[in-house]
Amino acid sequence: MSEKVLEIEHLVKRFDDLTVLNDISLDVHEGEVIVVVGPSGCGKSTLLRCINALEEIQGGEIRLKGEAVSKKSRNLPEIRQKIGMVFQSYELFPHLNVLDNITLAPTKVQKRSREEAAEEALALLSRVGLQEKAGSFPRQLSGGQKQRVAIVRALCMHPEILLFDEVTAALDPEMVREVLDVILGLAEQGKTMIIVTHEMQFARAVADKVIFLDEGVIKEEGDPDQFFDHPKTERAKEFLRTFTFERKHSHS
Amino acid sequence: MPDLGLEVLFKGKNLMRILGGLGVALKISLISVAISILAGVLVGMLMTWKNPISRAVTRCYLEIVRIMPQMVLLFLVYFGTTRIFGWNLSGELSAVIVFSFWGTAEMADLVRGAIISIPIHQYESAAALGLTGMQTYRYIILPQTVRRLIPLSINLITRMIKTTSLVLMIGVVEVLKVAQQIIEANRMSSPNAAFGVYLTVFLLYFAACWPISMLAGYLEKRWR
Numbered sequence: 077m078s079e080k081v082l083e084i085e086h087l088v089k090r091f092d093d094l095t096v097l098n099d100i101s102l103d104v105h106e107g108e109v110i111v112v113v114g115p116s117g118c119g120k121s122t123l124l125r126c127i128n129a130l131e132e133i134q135g136g137e138i139r140l141k142g143e144a145v146s147k148k149s150r151n152l153p154e155i156r157q158k159i160g161m162v163f164q165s166y167e168l169f170p171h172l173n174v175l176d177n178i179t180l181a182p183t184k185v186q187k188r189s190r191e192e193a194a195e196e197a198l199a200l201l202s203r204v205g206l207q208e209k210a211g212s213f214p215r216q217l218s219g220g221q222k223q224r225v226a227i228v229r230a231l232c233m234h235p236e237i238l239l240f241d242e243v244t245a246a247l248d249p250e251m252v253r254e255v256l257d258v259i260l261g262l263a264e265q266g267k268t269m270i271i272v273t274h275e276m277q278f279a280r281a282v283a284d285k286v287i288f289l290d291e292g293v294i295k296e297e298g299d300p301d302q303f304f305d306h307p308k309t310e311r312a313k314e315f316l317r318t319f320t321f322e323r324k325h326s327h328s
Numbered sequence: 014m015p016d017l018g019l020e021v022l023f024k025g026k027n028l029m030r031i032l033g034g035l036g037v038a039l040k041i042s043l044i045s046v047a048i049s050i051l052a053g054v055l056v057g058m059l060m061t062w063k064n065p066i067s068r069a070v071t072r073c074y075l076e077i078v079r080i081m082p083q084m085v086l087l088f089l090v091y092f093g094t095t096r097i098f099g100w101n102l103s104g105e106l107s108a109v110i111v112f113s114f115w116g117t118a119e120m121a122d123l124v125r126g127a128i129i130s131i132p133i134h135q136y137e138s139a140a141a142l143g144l145t146g147m148q149t150y151r152y153i154i155l156p157q158t159v160r161r162l163i164p165l166s167i168n169l170i171t172r173m174i175k176t177t178s179l180v181l182m183i184g185v186v187e188v189l190k191v192a193q194q195i196i197e198a199n200r201m202s203s204p205n206a207a208f209g210v211y212l213t214v215f216l217l218y219f220a221a222c223w224p225i226s227m228l229a230g231y232l233e234k235r236w237r
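Chains A and B are the protein sequences, given in the same order.
All letters in the first sequence, in the order written, are residues 77 to 328 by the numbering used here.
All letters in the second sequence, in the order written, are residues 14 to 237 by the numbering used here.
For the record, the hints were derived by calculation from the structure and aren't laboratory data.
It is possible that some hints are incorrect.
What the hints assert, rightly or not - Keeping only pairs whose Cα atoms sit at most 30 Å apart, straight-line, the calculated DSS-like set for lysine-lysine is:
1) A/Lys285 - A/Lys80
2) A/Lys267 - A/Lys184
3) B/Lys234 - A/Lys209
4) A/Lys313 - A/Lys285
5) A/Lys267 - A/Lys187
6) B/Lys175 - B/Lys24
7) A/Lys184 - A/Lys147
8) A/Lys141 - A/Lys158
9) B/Lys63 - A/Lys147
10) A/Lys80 - A/Lys295
11) A/Lys184 - B/Lys24
12) A/Lys308 - A/Lys267
13) B/Lys63 - A/Lys184
14) B/Lys63 - A/Lys148
15) A/Lys187 - A/Lys158
To be verified - Here are some of the chain A residues that sit facing chain B, going by a computed Cβ distance under 8 Å:
16) Leu130
17) Pro153
18) Glu154
19) Arg156
20) Gln157
21) Met161
22) Ser165
23) Glu167
24) Val185
25) Met276
26) Phe278
Stated by the list, open to error - Short derived list, chain B residues pointing at chain A, Cβ under 7 Å:
27) His134
28) Ser138
29) Thr145
30) Met147
Glycine is no exception: its CB is placed at the ideal position from the N, C-alpha and C atoms.
All chains, please: the whole structure from these sequences, using the hints.
Okay, structure coming up:
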């Protein structure tokens, strides 16, 4: 098996008395795509936020290539450069145009030259079909376009791992596709990713491994076909049923 | 047509004197505005800190400024410090001190409001890109804060310019004082001068504040 990029050991996250994540352990290997599914409020997003140290954790350990990730780490900004995160609500910087949104961190944080960063940004933008939007401001873009820019912004930092937090949840249905296609493309290129999503078809297509999270614990994990066709636990079956629709015929 | 008493303006150097008076008023207000903006941004950032001491201190400061009439502050600084500390502050310097003290507090409160109106997600997405706290302020939070601040701070700046009319009470010869002097001096020859001269003062204040409002409108549109 290839090198471990991320190791999570016995992670515990509590908000006051409420335990949101209870003893989560997970290894992510180079090039692996992990999809996390589960009912709302099960802690999926919190898990991603812990991996990026946006949340303090109450127990366990998270390591990125052997280096501890914690809100208390002194070199937290350096570690975070290696963890790309894309949020549900895009969170582009409204006062900067698309190109500056993407090149801000590479130039100011990684101290790369403006020309080199801009060149890479434009190349990435054209890969997601947005090269002509480089000079536009976020308010001039559709939701799907904004989310693709947000993905490019994360990519341009050359992260070791990418985290996607329900990136299509705020989008109109016809824009979901364009964003998911970009993520599928990244999976094909062998990027290491953790994806939280409610798009089950997409999850099945993109995942190397599916994690089913419920009430703060990993209830089931494994091969996507196995999980979606033959879920082992009753909770997972119940959860997957909420995505299928059947018309009940009264005159049967 | 009634005699508006405008002719006094063209006697001797009256027009130049009244413009000079406006210059004094503008000098005091612009220096104070510049100090208030810089200090206000810093104090405003302090106000958003969770530290209880910085909170209490800035809170007290803001309340004092809000409660005290500017005139009292002017008297306190101009006359009070001479007795107590033996300082011999000029009227203009006292005015700049008082207006900066006042403007900084009001500006800081505006900055505080603008900073907390920026969604927490902006901080988080900056952090997720590896920006340090200082970089986040410098490149993400402050630029957005400034854009939100423009309309509010323009209001404050014009208020400061208008309020400089108080400094004649501590012996600074600014536009209103010059106007009074001209009216007094021509009391016999043009008894109607009060109208014409004060009208001119009104127009001068308008001319000083109007372009600032225009600039604000322009920036607001450009940075929308």
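Each hint tested on the structure:
1. A/Lys285 - A/Lys80: holds, 15 Å
2. A/Lys267 - A/Lys184: Holds, at about 24 Å.
3. B/Lys234 - A/Lys209: holds, 21 Å
4. A/Lys313 - A/Lys285: holds, 17 Å
5. A/Lys267 - A/Lys187: holds, 24 Å
6. B/Lys175 - B/Lys24: holds, 27 Å
7. A/Lys184 - A/Lys147: holds, 22 Å
8. A/Lys141 - A/Lys158: holds, 10 Å
9. B/Lys63 - A/Lys147: Within the cut-off at roughly 17 Å; holds.
10. A/Lys80 - A/Lys295: holds, 22 Å
11. A/Lys184 - B/Lys24: It is violated: about 61 Å lies between the C-alpha atoms, which goes past 30 Å.
12. A/Lys308 - A/Lys267: holds, 29 Å
13. B/Lys63 - A/Lys184: Answer holds: B/Lys63 to A/Lys184 is near 27 Å, not above 30 Å.
14. B/Lys63 - A/Lys148: Satisfied, since the Cα-Cα distance of roughly 18 Å is no more than 30 Å.
15. A/Lys187 - A/Lys158: holds, 15 Å
16. Leu130: holds, 6 Å
17. Pro153: holds, 5 Å
18. Glu154: Nearest chain B Cβ about 7 Å off; hint holds.
19. Arg156: holds, 4 Å
20. Gln157: holds, 3 Å
21. Met161: Nearest chain B Cβ about 4 Å off; hint holds.
22. Ser165: Holds, about 6 Å.
23. Glu167: Holds, because the Cβ-Cβ distance from A/Glu167 to chain B comes to roughly 4 Å (cut-off 8 Å).
24. Val185: Nearest chain B Cβ about 5 Å off; hint holds.
25. Met276: violated, 26 Å
26. Phe278: violated, 23 Å
27. His134: holds, 5 Å
28. Ser138: Hint holds; B/Ser138 Cβ to chain A Cβ min 4 Å, cut 7 Å.
29. Thr145: At about 5 Å, which falls below the 7 Å cut-off, the nearest Cβ of chain A leaves the hint on B/Thr145 intact, so it holds.
30. Met147: Given a least distance of 10 Å, the restraint on B/Met147 is violated.
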